[in-house]
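Take these sequences, add in the hints, and give me the full structure.
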Amino acid sequence: MRLVMTEPVEKMERPYARRWWALLVLCLSLLIIVMANTALTVAAPDMTEDLGLSSADLQWVIDGYTVPYAALMLLFGAIGDKYSRRGALLLGLGAFGGGAVLGYLADSATTVIAARAVMGTGAAMIMPATLSLLAATFPRAERAKAITVWTATSGVAIAAGPLVAGALLEHHAWTSTFLINVPIAAVAVVAALLLVPPSRAAKHGRIDYVGGLLSVVWIGALIYMIIEGPHFGWHAKALAAAGVAAFGLLLFVVWELRHPRPLVDVRRFTDRGFAGANLAVALFFLAVFGAFYYLTQHLQFVLGYSALETGLRMLPLAGAVFVGSALTGFLTPRVGMKWTVTAGMVGGTAALALLTRIDAGSAYGDFVAPLMVLGLAIGLALSPATDAIMGAFPESELGVGGAVNDTSIELGGSLGIAILGSLLATSYADHLSDATAGSRLPASTLDAAQDSVGAGYTVAQDIGEKARQVAAQAAQATDPQQAAQLKAQAGQLASGARQMADAVGSSFSDAVAHTSLIGAIVLGVGTVMVAVLLPGRKSAEPASRAEEEKELVGTR
0 MRLVMTEPVE
10 KMERPYARRW
20 WALLVLCLSL
30 LIIVMANTAL
40 TVAAPDMTED
50 LGLSSADLQW
60 VIDGYTVPYA
70 ALMLLFGAIG
80 DKYSRRGALL
90 LGLGAFGGGA
100 VLGYLADSAT
110 TVIAARAVMG
120 TGAAMIMPAT
130 LSLLAATFPR
140 AERAKAITVW
150 TATSGVAIAA
160 GPLVAGALLE
170 HHAWTSTFLI
180 NVPIAAVAVV
190 AALLLVPPSR
200 AAKHGRIDYV
210 GGLLSVVWIG
220 ALIYMIIEGP
230 HFGWHAKALA
240 AAGVAAFGLL
250 LFVVWELRHP
260 RPLVDVRRFT
270 DRGFAGANLA
280 VALFFLAVFG
290 AFYYLTQHLQ
300 FVLGYSALET
310 GLRMLPLAGA
320 VFVGSALTGF
330 LTPRVGMKWT
340 VTAGMVGGTA
350 ALALLTRIDA
360 GSAYGDFVAP
370 LMVLGLAIGL
380 ALSPATDAIM
390 GAFPESELGV
400 GGAVNDTSIE
410 LGGSLGIAIL
420 GSLLATSYAD
430 HLSDATAGSR
440 LPASTLDAAQ
450 DSVGAGYTVA
460 QDIGEKARQV
470 AAQAAQATDP
480 QQAAQLKAQA
490 GQLASGARQM
500 ADAVGSSFSD
510 AVAHTSLIGA
520 IVLGVGTVMV
530 AVLLPGRKSA
540 EPASRAEEEK
550 ELVGTR
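Going by numbering that gives the first Met the number 0, 264 is the number at position 265 of the sequence shown; the sequence numbering is gapless.
Straight-line alpha carbon distances no greater than 20 angstroms define the calculated SDA-like cross-link-like pairs of lysine to any residue that follow: (1) LYS236 - SER53; (2) LYS10 - PRO197; (3) LYS236 - SER421; (4) LYS144 - ARG13.
The hints are simulated quantities; they were obtained by calculation from the structure and are not laboratory data. Note that the structure is a prediction, hence the values are computed from the model and not measured.
Spelled out as structure tokens, the structure:
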């Protein structure tokens with residue numbers, strides 16, 4: 000047996016014997032690219048303090064990863080199909096590791112953003128390659144189980160990111176959250192060479208590079224608009240991006256409809272099952288990423304947990320993902336994809352609805368049930384939807400199929416953070432303004448506190464520090480009258496600091512409840528749309544059986 004796996008999976012007469020070990024490598028590769036985003040939410044406060052990041056800088060540190068990640072996946076998926084899916088995985092892991100090293104060495108906002116962009120480019124190669132290699136390596140009869148493991152890994156990574164980052168930040172600087180990716184990527188590269196067979200499309204014509212370029216333009220512009228508009232205002236940049244995205248999408252659709260070998264056959268979106276599965280993935284990640292964005296903030300800032308403690312308290316979500324994945328593996332073959340996906344989306348809606356009960360008196364126990372329901376919903380809904388998307392593509396387009404699925408994930412996640420994050424910020428600012436009415440705070444101080452929950456607590460701490468300074472002056476004053484005045488002033492400031500901290504906590508809790516209500520409404524309406532679009536079990540089963548029979552004939 001050769002040390003490096005060189006036999007292409009397409010030339011194997013029987014299913015690859017070590018395919019489950021290969022799946023482990025693919026899941027490891029998926030794990031680090033998802034954790035790269037969720038870990039950053041925990042490391043962001045330390046990074047902001049160390050580099051002196053503005054809110055705009057921090058936003059682009061987060062989203063500098065997302066823009067190339069989402070924009071390049073379709074093109075990279077097609078290139079992997081034609082030349083080498085494993086090659087795309089290896090190149091992606093190399094780029095991802097290189098970006099992580101750059102992030103570790105970064106000493107400015109610009110360098111961190113550049114590092115994140117390099118990592119996002121690597122992720123755009125890795126993500127579709129993992130799904131296409133999975134689909135190529137596993138026979139159709141086992142593919143649904145393999146995809147269930149793949150999606151469970153994605154759900155676990157959402158919760159594992161803060162846990163790993165929190166553990167690192169206990170004893171190391173924020174740069175360690177970048178460096179940890181390097182050895183993992185190196186292990187994945189070696190393991191991929193040993194265990195993952197090469198794969199590429201048996202028949203693949205010339206790549207539609209014009210369609211690929213148009214996809215990069217319109218998806219990149221759309222993501223940029225989603226980031227820029229809600230966070231920084233609908234100014235010239237955001238409006239220009241909206242125009243480019245709309246015009247680019249129109250050109251992309253027209254070009255793909257006329258091209259004999261399109262990058263993506265857009266006619267597939269007229270199929271109810273395919274459209275419904277993509278809509279389910281996008282809406283679900285809108286809810287998951289949006290909720291995760293404000294839940295981690297609430298645990299850290301309002302409840303005062305450290306980074307590690309926050310990560311530990313997200314574990315109920317990870318455990319519930321495994322339970323949901325086991326359930327969907329049992330239920331989907333029996334009741335059909337329509338019902339498990341719809342049940343998962345109902346569960347996601349219920350989780351957001353439970354979060355509407357959050358208020359100033361809420362403790363961690365109030366978050367456990369929503370986290371568990373959300374994790375269960377992830378496990379139920381995502382793997383059958385992903386399986387349906389991948390099943391719509393022929394063998395020659397598995398990389399593109401993976402890219403379509405992953406683009407839906409990224410568009411949904413970006414929309415979730417942008418829309419729900421913007422609603423959260425607006426609601427928090429409005430509630431804080433009401434809570435501090437009549438407090439005689441300077442307008443500049445209130446504006447600073449309204450910027451974010453972290454900024455609000457910083458303002459409260461600054462007022463408290465000023466109270467301590469005035470109290471120290473009172474203790475040193477020799478004039479009794481002056482000492483009394485300073486002592487009274489210190490007491491007023493200390494009381495103001497407590498009131499500000501209470502106002503920030505209650506305002507953010509109210510904002511979480513309000514934003515969760517909007518999210519539940521959006522996901523609830525989306526659930527109805529998905530339930531209408533997805534075909535029933537009877538209409539979906541024959542095609543699946545026909546594919547399995549064809550594959551079994553081909554392997555005999």
